[in-house]
Every structure is written in structure tokens, then in C-alpha cells.
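K.L.:
Below are the chains, spelled out letter by letter.
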Amino acid sequence: MTAYIGRRLLSAIPTLILISMVVFGILALAPGDPLSQFAANPDIPPEVRENIRHQFGLDQPIPIRYVKWAAAFARGDWGYSFASRFSVSRLILQRLPTDFWVVGFAYLVAVLLAIPIGVLSAVKQYSVFDQVATTCAFIGFSLPTFFTGILFIIIFSVRLHWLPFIFNVQATNPAVILKQAVMPVAVLALFQSAGLMRFVRSSMLDNVGQDYVRTARAKGVSERRVIVRHVLRNGLIPVVTLLALGLPAVFTGAVITEQIFRVPGIGSLLIASIQNSDTPVVMAITFVYAILVVLFNLVADVIYGLLDPRIKYG
Amino acid sequence: MRHDGVDRIVAEMVHSRLSRRELIARLTALGLSAGGIAAALSAAAPRPARAAAPGRRGGSGPLRLLYWQAPTIVNPHLSEGTKDYHASRVCLEPLLTVNAAGVFTPVLAAQVPSRANGGLSPDGRSVTYKLKPGVKWADGRPFSADDVVFTFKFITNKETGATTYGTYINVDKVEALDPNTVKVTFKAATPAWYVPFVGEQGQILPRHALDPYVGNNARNAPFNLKSFGTGPYKIESFRPGDQIVYSINEFYRDPAKPAFSQVTIKGGGDAASAARAVLETGEYDYAWNLQVEWPVLQHMAQGGKGVIFTERGSGVEQIYLNMTDPNKEVDGQRSSVKAPHPFLTDLKVRQAMSLAIDRETIATQLYGQEGDATANVLTTPANLASKNTKIVHDIAKANQLLDEAGYQRGPDGVRQKGGVKLQVTYVTSVNSLRQKEQEIVKAGWTQIGIAATLQSIDAGVFFSSSPGNNDTYAHFYRDAEMFTSTFTSPFPNQYMARFYSGDPAKDLSQKQNNWSGLDICRWVSKEFNQLFEQAQAELDPKKADALWIKMNDIVVNQGVSLPLIDRKFVSARASSLDVGQNMSPFDSETRNIADWGRRA
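Respectively, the protein sequence lines represent chains A and Z.
Under our numbering, read the first sequence as residues 1 to 314, first letter to last.
Under our numbering, read the second sequence as residues 315 to 914, first letter to last.
Some hints here could point you the wrong way.
As the list claims (entries may be wrong) - Residues from chain Z shown here face chain A by an in silico Cβ test under 7 Å; the list is partial:
1) G475
2) Y479
3) E550
4) P554
5) E594
6) T595
7) L768
8) S770
9) G774
10) V775
11) N783
Because the hints were derived from the structure by calculation, they are not lab data.
The C-beta atom is built at its ideal place from N, Cα and C for all residues, glycine as well.
Next up, chain Z with everything else stripped away, as it sits in the complex (with noise of 0.2 Å):
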């Protein structure tokens, strides 16, 4: 929304014959509200100032970072989350590299395998990297296809319990050729041959240091403290749950680089008061995850310090019904697939359902630039992103579904058929902006007759994998459940496993397999089933476009989960910070910290 008005203030300041504050008082004077005001400034932020120009190796000083969740073991393969893998991505690298879009780019691989450099075989049955000549360790010893060998040799020996294994567990055989070769062997034709090794779960570790340290005594490894690898940096001290120092690697391959002499990560808070370091004090350079409510950082932004920038890509924050009726206990269990939801399997009530929810409001309200509407349950990379479904809100189509299904109201205005009642109970993990989002489905909900419950869990708790604790997203033992389903690679494989039954007895959520199956809705859709299995081996990449965006179309036309918003990363960055194109959701924020500088 911007008039020639707007544009001509902004000018004006960028040319710096305006300071900001009287750039604020005449965009306000002008009538826009705090919220265009924020798009007018940040639009006119990118404009460049000179990028850093190329330095010097460690020309440009201390860089802090602040990430609210703080790293606390620095072994990528051994991590317990998100903030672990950057700890350890700005010391260790892998083959390639990965953004949004689904780009690769070589990092310890000297190219991208392709079917034109021979890369990938046309079985697809393996790939073969050829690495960079002359890198080394942080320790002076020389790099070779030996340590990606040994890499794999570590996460897969199931007694290391290592964390990335699900990564790994389609690949057969890791050769190396030679000292600069390494073959990858499947055990059946795929295309996801860009699974292992690349981005955060495909870091390589030095063999020279964990040899003695595979299978069981893996956690007791003093790599795991002090980790090194061929990166820019490496670790020069450790608290866990504190903070972390990193000094330059001097055997890093290119001597102009990196530019900052020394790197702190320093853990612990929460996210707001991360926000704040960046945005109003200034004491920190960048923060990470800046998960607060979009109202409070568009203020704290105001003040000049820093920059808020996202990235596309972060997960899909969903709905899931249950198919199976929480109430009800058979064989020992609740939701059991012996006992079919009395309403939820019902398709009109699933779509009447969806169409009652506000999907813009809950974006624009909540999310802010934090997160966009969607239609779909899987939206990255964007190729995957089905164009065939559409944000619908339409109170008066879902009362008509649900008087053609034959669900009248009773007196207190909820609907029942057949004595069952449409009474849900709504959980999610306890979080103020989800407890809001709650509130706003709810409200749909109740237009259209539907009651709910909602309740909110801790999200230790939501989240854990216990067998014996009935509140876990896996055991469901409510009608439905909401949380945000994250993306780890360009394979959309793992993501959508949450709907895949080829095998019941292994993959609906179940007591018999511990609530360790990925479908947790116990829906069975041979349909589905068919396309996921094709997928697993199409090697044609359009066809295997058109199969998941088929799959995704099949998800949200039967509402077996209802897609809410599409979430975006959101990190703060000190405006003489300049980070590059940082953020993916397949990699660390700080996989280029090596080109990171300060603008001039």
C-alpha cells in the first residue's frame, strides 16, 4: 500500500537528508498506521549500502549470536535439536548445501552430482561426490573420503544411538574410491539421492578423532565438548546450556576468510528478551528463532538497531483429525483402530470443519510476517507446493455440508445426529500465540455448531515419546490436535510419512508399536498408500513433483488434516550485519558464517 507520498519520504531518508525518527513523524502524519510504517522502512532497508568488501581473515572483529535455546552438545549426530546442529555448523561442513528453493551448492563436494557429470548413475542407485582437493581439519590433518566413510559408519551403528539415522537408513554401502572420491550405494533406486550428506544432518566428522568412539562409547567421546571439522571456525570453550567460543581455524581453505576473529554463541532466555538484545540494545549481533508474537517485534524494530528478516520454509502449522474415537478404550487403549471416530470419519464434517476456519485472520493477527495462509499441508520447496487447492472461509457452505450429513441443532446450538453430539476436544502445546489460535478455530467452530474444548499441554510433555504418558501428540487421545509439522529436506519423504499406512501394524500409532507409527490420525487411504509407494522409486523428477503434490491434494480434500499457516524462520540481524542468504529450511542459519561481514 504505498503512494508516490510514501516513496518520497522514504527516498528522501535513504539518501540520508531525513533521519529516521522524522521519517516516522511525516509517514505518520501522512496517516499510516505503525504497520505500514514498518513495511515502508523495511522495504527501503535492502537498498545496498556497499556489501563488507572481501577482507581479511578476522578483519572485522567479535560476532555474537543469541540463540534462546542454548546448545548444549556440540556432536551433530548425538544432538537433541535444532540449536545443537548450528552449534556444530560453524565448525563442521557437509557435501552440499540446500536452500529453500531446493538449490544445491557444493560445500566439501567440488561439484553438484548431476546425470551430466556423471554424478548420479541412471539406476539411481548411487551417487558418486568427488570432494575439494587440500582441505584439511582444524588440526592440520588432511581431509578424504575416508571421514565421510567413517561418518556413516558412526550414525548407522545402532548402539551410537546416534540422532541422525533416519537420514542414513536407505543407504546400503559408503565407498571411497579414492582419497577424493566416495560412492554412495542405495538399497533401491531412488531419487532422493540428496538425502545423506547434505545440510545439517550430513555434517562429516573426523575419523582421526572418533575412531575409538563408535557404537557404545560414542556419548563419552571428548569430541563431543571440543568438536573441530574443516569449517572456518572451531571450538575454544564450552559451557553447555551456556555458551560457546570459537576462534578461526587456521587451516580453513580460504585465507581471506572468514572475516570475524572470533565467534560467541551464547544460549538461554527466552525469545523475546533475544529479540531485544538485537533490536533495542544492540548488544548482540544476531538472534535466532525469534518465535514472539509479530505485534512485539514490529515495535522493537522501531528502533533502528536491527533488521527482522524470514525465510520461507519453517513447517506447516496443522490440524489433525483423529479417525479413531478417543473416548472409547479397547484392548488397553484409547483411540484404537477397532474404534472409528463417530463423527470425525464422517468426510462432510472434516470439510465443514476446514471451511469454518479463519485462516487469514489467524495470519495477519498472530503471524504477521511471521507466516502466510495455506491450503496445503506440504509447501516446500515451492515446486512441491500444489496449486490445485484454495484458502476457503465459508461459514454458510459448511452449515450446508453439515445439514445435508444430517446434523441438526440441538437447543444449546450444537449439532447431533443419531444421539452423538459434535463435541471436540482440541489440544495443543502451551504457547500463548497457539492458545490464541485456538481461541480463533474455536470461534469458527461454534458458527457452524460445532463445540469444542480446548486444552493445552506442556510442550515437554506434548512432545515427548514416553510409551506411558497418555498426552503425547502420538497417543492422540483427543479429536484433534494441533502442531506445526517441520520440513528437514528437499525430500518431502519423512513429512509425509504422517499419512502413509502400508503397513498397519507398523505405521498407524498404535499401543502394540509402542506410539512409535508416524500416522497418528490412523487413517487408511489405499489411494495414498499407492502414490507414496511409487514415489519412493520415481526417478523422472516431474513425475515425482506431480505424485506428492497428488498426495498433498488427497490430504486436504479428505480434511484429514486441516493446513493452517505456512510458517516462516524468523531471526533478528544487527543492521551492519550482513549474513548473505543465510537461511534455509534444510541447513543452519550459520552454514556461511564464513561469509559473513560487516557492511561499510
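So that you can see chain A by itself, here it is in the shape it has in the complex (with noise of 0.2 Å):
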């Protein structure tokens, strides 16, 4: 196994390059400037805006400044904002905690909710329960999360004022934080859980007709340990994968949801950056984000080999 990990490990890096130089290749062609806010205003001379391209390095050929981030990325310098001049890194791990509380609550509340409605949905199929678990299933996963928040922003803050829906991450009062936290949490929530909670359904099916299950029926074992020792065991395995290989997404957090509620996370930094064509930033995040990705494809598989006894890695 050692030597699996390690050869993957070794594979990764190559694709990490590859993955980094497409993007900066990407950003570097894209039309669109950080200068793009004064053109409209003519008070920039020409000598002015080409001294601010050269502070930004943006008058060097583009594998100059790729080879340059790069060597700085390695050493741990992420670079500088072009819009704020805060240091990268300071911006990401500034938003990083309010990206836990609201993306990865909203991971746990899905998860949470998804895997007890998908299990009883399975052991109870096309019961009433079913048919009205799938069908909100279809609605949460068919509502797109724009709509959805501002279908909650309309009902409970305009029409009830039960909670606001402007995010305020200094918020000190402990009330005002959960209520602030409840609508970005449900919207979350409710569209990641209907998708997960199919696939729970669908895993526990597959493992519910098998043999071994009419064996432990069959020697008395009650339905509840059939279920949830057996038949459960063996169906969340493709689950845990699941949810391995989603939990990067909880690192670049939910861009539209936070642009709606105003969740200053990593998502409406990334949406900002990118329209301000602010490279350093987007840069650091992307590239972030796929060494998240390559590692959790390996930690997922590496969990699938560690929970099937029947894989095993050469």
C-alpha cells in the first residue's frame, strides 16, 4: 500500500504542473485588466497606468511570469493582490474559517440528513416515505441555489424579518451568528443533500438484495443489526468515497450562495478576483484547489482500499 501511495504521490506532481501552467497560461491570454476600473475616468496618463503594469509585472512576457510565480509559489510566497495589496495567503486564510462555519456546516448538515432519509428510503422502497423522500430529492436538486436563496431571502426576511440575510462575520452577538448562518446552511444543504441522498438509496439497494443478507436474515438475526451492521457497512463505502472526493468543493466554497447572502468566503473572493482580473489571487486559489483535488482522489481511493478487503493495490 505504502508503495501505491508513493507512486501516486510521485504521478501527481507532473499533473499539478501541468494543471498550473494551464491556468496561468488561461488567465494570462484572457482579455480583461486590473486597470479596468479607470477607463471610463481619463485622469490615468498613459505613463501612469504602464508604471502600474510594471509594478504588477504585467509588461513581461507571460512564461517569465509564470516561471516567476511559480519559484515563488514553491518557496511559499503567494504573492500580493493587485486590487488590495494584502499578501494572498493573509486573504485565503483570512476567509478560510468563515468558509468552514457556513460551506462545511452545510457539508455536515447534508451528510447528516442524507444518509438516514437514503438508508430508510432503501430498506422501504416505494412506501410513502420514498416516493416523498425522492421527490423532494428531485425538487432540491432540480432548484438551482440562486433561486432557492432568494426564495428564503423573500420569505424570511423581507416577509417575516425572522433573520437577516446579510452576513456580518464580526458578528459577536452568539444569536445574531446562528441566525445569519441559517439560510446560506439550509440553501447549502438542501441542494447537496437531495444528490447525496440518492446515491445513499442507490448503494443500500445494491447491497440489500445480495445473498449474504438473506443468510443473516435467515439465521435470526433481527432486521435492525441486518440493516445497520451488515447491509449499511458494506453500502457506505462508495459513499465515503463520495463524499472524500466532494470535500475539496468545501475549500473554494459556494460561489453563487455566497454572492447572494454575502458570505465573505473563499468562492465570492475567487468570483471578485477573476472579474477583476487579479491573477496572483486567482492563481493561489485554483491551484490550491487541484492539489486538493489530486489529494483527496488519492485519500478517497486509498479509503476504498482500506474498507473493501476485496481491492487490493499492487
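Join the two chains, each given in its own frame, into one complex according to the hints.
P.N.:
Rendered as C-alpha cells:
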């Protein structure tokens, strides 16, 4: 197994380098630049514009810019944002806790909702509960987050005045902290649990029809033990790998939800930086995301190998 | 459109005999539309509840502002946009501020300089400011003329890359005659003594905080992330792109101000939800720059929690016409000055295009109270708005002009002459209101036989300045483009420079100058150039005004740019918030935040 992990890690390195080159190339070649805010305002003379471009390093050819960026990144220097001159690592670290609190917590809620409902749906296949849960899953899955988000805002903030809809990271009152998290977490959890629930259900159904279940029942094991100790454990293996693959997305945040509720997470930072052509920030976020995806892919494979004794990695 | 019935009903509400809901019900019964009701209500609103009694410092609790474009840097001279100016203006102050009518008020200066008090030199080459004595920075150090001199040094050092550089380009030197007197000397006699150190581009920086950071090092200064000034607040915490929290500046010169103990500026999201936060849920007290379609805003304001208010002078939305041919490539560039446009160089065609645009419909249906139809390119300050032009929408006359010019309609309805079809590509930025404007303009042009192809480009690309990108407004590789040019100073120099071609190699936008020339239409008019150069040195205000008005008339009559809408600033505030006359085209909306308070 260790040899396998080692091989995977080694092959990950050229993959990551290639990813970084592609992303950097796209960003550098894309139209738009950090100075677009000034265009309709004729006050900036060309010499000053050139100076600013020079300070940002935008006047150098793309391969040189890439090499400089890569060398700095390897040293741990992620550069400085063009827009705010904050160091990029500090910007990201500032927003990470918010992301974990909202997006991470929503992911947790989605998992805690999806697994029991999925299991029950599979066990009581085609019952009323199953039909209702499946319908809700389809609805939750089909409604985009920008729609449910705005719907929640109109119902809970504008009409009922129960919840605030603008996220304040520096709130100190615990009641406010909880209230402002309810809607974004609900919107995200709804969307994610829908898909997950269906997957849990189908995975469980795969296992419920197996011979060993029939054997366990014939042995007189209680239905509850059969489901929880045998079927669930086998059924959850693919689910766990799916969860591991979905974890990196927590890092990039939920872009749309963050825009709607003004949650200052990494997703909104990414979008704002793309719109402002703030290359260092976009590179840092996408590259870290790429690293996490590659890493968690490996983690998912390893977990699968550990949980399922039939799988052997040579 | 008010009759006695409406007046009486509104009066009853104001005197609290009617609730707002009953009022709306009664006005609807009278047959008023939603627009009429909103108009009646907003006219009733300013009847003074007592303005906030002069309070004690910090007595009004926290103030929350919502800027849907989040501030990212708080050093105004390195900033990327208006939102950053507003954020820094809470802490930093210029020498003078100025409102939409062009009236100056002293801020850090003791008085407005004039010929009478000796502040302005008769030869127009210098202005001397006397500074208010006893002003302190937020860290307790004294403010003096040295800080003004330093601010100039910081901005004009080319390596600093200050984005306010253009405002100081005519200044020769700035000297501190004594700790409370500053003399600004210009390179040549100029009427524009009020451009440097005034308004949001004139915020004074503290020398002791930034002295080591002039030049290349400027962007690394810790001041950029936690600025402080002579203003009523200082920055407590700053999260770029998200939120700024300000606390009171203990050394602020008026001990009874500011009224609010803490100010928060939150950013991000979009304009519509910002309006919602103030007008419908009351979570925030102030939302800036609500570029939302008027019917939507009006609907939100019916809640009664907040008030929408506007101010003139945000800029003029206009259609620029290309004098060069965007479809021919010469010397490696399109829209080359060597390739004149096949039909837009014909004055009659341009005039016909202007006559065919229904400006009133655009103004009333799309902009509502957010803008007025205008026939002038130059509208702000009001003394520069020409009275010699008129808004005309005359399809018959436009058709007649084109007939006279020899353009006959083909079988598809599109006019042509000598094989040249009147087909234009008409581009603007991606924005739902702008796309609707385009449709209205296109409908008008179709009626006179001009076929228009509508295009829209993402704003970040359209307004960028990179030379390699063919889609920028400066490249102007289309026949017509539309956007708003903004007013940054009561001296309209930079604004009207859009039509100046005194030095064609530098002024006409082309490959040779990396498309940095301001004259994007590539229009050359000796008459305009002469007047422009005269206005640079004309010291008599009446004669100067006449010159600018004449320049405006030339541009409008020549149809180089077709002005559409004189846009207004639109913001929303909580009904209980008193912001005074805070809006100005030439300064930030937070300029008088020391005076804000809650109505009783």
C-alpha cells in the first residue's frame, strides 16, 4: 500500500505542474486587466498606467511571469493581490474560517440528513416515505441555489423579518451568528443532500438484494442489525469515497450562495478576483484547489482500499 | 400631477391621522398609479421631522453602510475605484469640498481662497490656502502644511503609480510658507486652481505614516490597510473585499461630533439586494449607487423603511460615433485614422441618427428618477449646461435629411448610396438596462432605414486598457459605442478632452500610442481644438463658461457624440437617517459623515 501511495504522489506532481501552467496561461491570455476600473475616467495618464502595469509585472512575457510565480509559490510566497496589496495567503486564511463555518457545516448537515433518509428510503422502497423523499430530492436537486436563496430571503427576511440576510463576519452576539448562518447553510445543505440521498439509496439497494443478507435473516438476526451492521457498512463504502471527493469543494466555497448572502468566503473572493483580473489571487485559489482535488482523490482511493478487503493495491 | 384630493390625503398622513397603508389604499382608489403614489409620498417625506438635535459624540450608536462593490484598498491615491475613495473619505479629508452646483466649502482649509482674500493670485498661476489651526491626526500628531506638501510628493512620484496622478499634472510645486499656509504654483496660468487638493482626489495623507513609502515601495505601506486621517473616524479593522469597521477619531476637531460611535462599510453582492437591505428589511442604514431599474426600486421603496434619494451629475450616457472605418485594416490596426468611415463622416447621417433616438422614452421607461433625457454632452456643473441645444425626436426630419444626403432605401428597407449600406454595429457593456436602451435606439434607427447590429461586451473587458484586446472602448472597432463618461471636477478639462485632437499622434486613440489617446472617435476639429486651448488659460469665469458651452454645442451639432441621459446618483437611506446634502459629483458621499445623525 505504501508503495502505491508513493507512486500516486509522484505521478501527481507533473499533473499539478501541468494544471498550473494551463490555468496561468488562460488567465494571462484572457482579456480584461486590473486597471479596467479607470477606463471611463480619463484621469490616468499613460505613463502612470505603464508604471502600474510594470509594478504588477504585467509588462513581461507570459513564460517569464509563470516561472517567477512558480518559484515564489514553491517558496511559500503566494504573492500580493493587485487590488488590495494584501498578501494572498493572508487573504485566503482570513476567509477560510468563514468557509468552514458556512460551507463546511452545510456539508456536514447535508451528510447527516442524506444518510438516514437514504437508508430509510432504500429499506422501505416504494413506500410513501420513499416517494416523498425522492420527490423532495428531485426538487432540491433541480432548483438552483440562486433561486432557493432568493426565495428564502424574500420569505424569511423581507416578509417575516425572522432572519437577517446579510452576513456579518464580525458579529459577536451568538444569536445573530446563528441566525445569519441559517439561510446560507439551509440553501446549500438542501442542494447537496438531495443528490447524496439518492446515491445512498441506490448504494443500499445494491446491497439489500445480496445473498449474505438473506443468510443473515435466515440466521434469525434482527432486521435492525441486518441493516445497520451488515448492509449499511457495505453500502457506505462508495458513499464515503464520494464524500472524500466532495471535500475539496468546501475549500472553494459555494460561489453563488456566497454572492447572494454576502458571505465573505473563498468563493466570492475567487469571483471578484476573476472579474478584476487579479491574477495572483486566482492562481493561488485554483492551484490550491487542484492540489486538494488530487490529494483527496488519492485519499478516496486509499479509503476504498482499506474498507473493502476485496481491493488490493500492488 | 397633484390635485387637491391627493394633497389632502397626504397631509392627513403627515399629521399621523392616516397610516401609510391606508394612505396607499386611498390614493389607489383615487386612481393614482404606483408611480403617482410614490411621487406623492416622496414629496411628503422631506417635511421636517425635527432634524437630529446637536448630539454628543458617539451618542447615536452604530451606523451601517452597504456598498455592493466592496472597497479593496484604503489609500485613496492608490485606489482602483470610487468605492475606495468613499471608504477612505471617512477618515481622510481634502482642503475643500465642492457640491454639484460648483459651490466650495472649506474642510481642512480655513476659508475658500478668492481674489478678495488674497488666496488666488491675479495672474492665475498660484493659489494660497490658509489651513485650520489646531487640527490633529488620529494618532495625536499635529496636522500641518508639510502634510500637504508630502501628499503632492507622494502622488507625483511616477514610481508610486498613484491613480490620482492626472489631477496634479498641472501643478509645478507645492510649498509650505509656514505651518498653516500652503502655496500651490501651477505650470501655466490656469482657471482651474480648484482641481488639486479638492474633493475625493485631494485627500491629504499623513507624512509621518508614509514618508518611507514614496515611490516603488508605496504599495507595501501598512498605511494602505489601516489608514487614518484628520477625519471623524479611523479604521479599526479592514477585510479587503468584505468589510471595514471604523471607530471614532478621539482627536477630531469638533468635540460634539461625530454622532455615530461606530461605522461599518460592508461590501459585495449586487445593487438590487443592497437596495432591499435598506428599503425592505432595514438591516442597513445606507446603500450606495443603486444601479437598479427604476420600477424595481420604486416597488421596494413602498415598504416605508427607507427613502431613495438622487443627485445630479453622475455622468452622461452617450453614443460615440466612429469617424474611422472599423472594417478596414490599415498598418495592422482597424479604425485607423487613415481610413475614414464610409458614411459616419457625413454630417447629415449623424444628425439623422440623433433625431431618430427617442430619449424621453429611454428616460421615463428605463431610468425613471435615475436620469433625465439630455441634449448636452456637458451638463455639470449647471452653469456649464448649454441652453442652445434641444431634445428633438423627429423621424420625419431624420428621413428627410437622409433623402437629401442621397441615401435611398433598398428592397430590405436599409438605405444605401453608391454600394455603401447604412449598417452599423452598436456596442455597449453587458447590463440589462443598457441592452434595453440599445433596443430603443435600434428601433428608432430602423425607422429611418439604418440597420443596427447590437453587441454587448463584459464590462471588465470593455473598459480595460490592455493594448492587445480588440474589444475595448478605446480600440473602438465598431461603428457606434455607448457608455457613460463621468464628471470628476467642476473644471471639465479631462471630460471634454475626449474630443480634443491638438496633437493627433497623442490624442487620437490608435496603435501608435497603445490606444491611450482620449479622442476615441478620432474626430478632428480645428475649431474645437482652438476653443479648448483657449479655455486652458481663460481666467474670466464668464468667458470660460461661454467657451465650454460653445465646445459642447459644436460636439452636439456635429453629432460626434449623441448624448442620451444625464444620469443621477441614486442611493437609499433609512428613513431615520439624516445625511444632509452629502451627494456631490466631485466628492464622496461620505464626505460629511461627521454631520450624519438620526432623526428624532
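K.L.:
Now look at each hint and say whether the structure bears it out.
P.N.:
Here is what the structure says about each hint:
For G475(Z), the suggested interface contact is upheld, since its CB lies about 4 Å from the closest CB of chain A, less than 7 Å. A distance limit of 7 Å between C-beta atoms decides the matter here; for Y479(Z) the minimum to chain A is near 4 Å, and the interface restraint holds. Annotation: interface hint on E550(Z) violated; nearest CB of chain A at approximately 10 Å, more than 7 Å. A hinted interface residue such as P554(Z) counts as satisfied when its beta carbon comes closer than 7 Å to some beta carbon of chain A; here the least separation is about 4 Å, so the hint holds.
At its closest, the beta carbon of E594(Z) sits 5 Å from a beta carbon of chain A; the interface hint therefore holds under the 7 Å criterion. A distance limit of 7 Å between C-beta atoms decides the matter here; for T595(Z) the minimum to chain A is near 5 Å, and the interface restraint holds. Annotation: interface hint on L768(Z) violated; nearest CB of chain A at approximately 20 Å, more than 7 Å. For S770(Z), the shortest C-beta to C-beta distance to chain A is roughly 14 Å, which exceeds 7 Å, and the interface hint is violated.
Restraint check, G774(Z) versus chain A: the minimum CB separation of about 4 Å is within 7 Å; hint holds. This hint holds: V775(Z) has a C-beta 5 Å from the nearest C-beta of chain A, less than the 7 Å allowed. Because the beta carbon of N783(Z) sits about 4 Å from the nearest beta carbon in chain A, less than 7 Å, this interface hint is met.
When the structure is compared with the earlier hints, violations turn up for hints 3, 7 and 8 and for no others.
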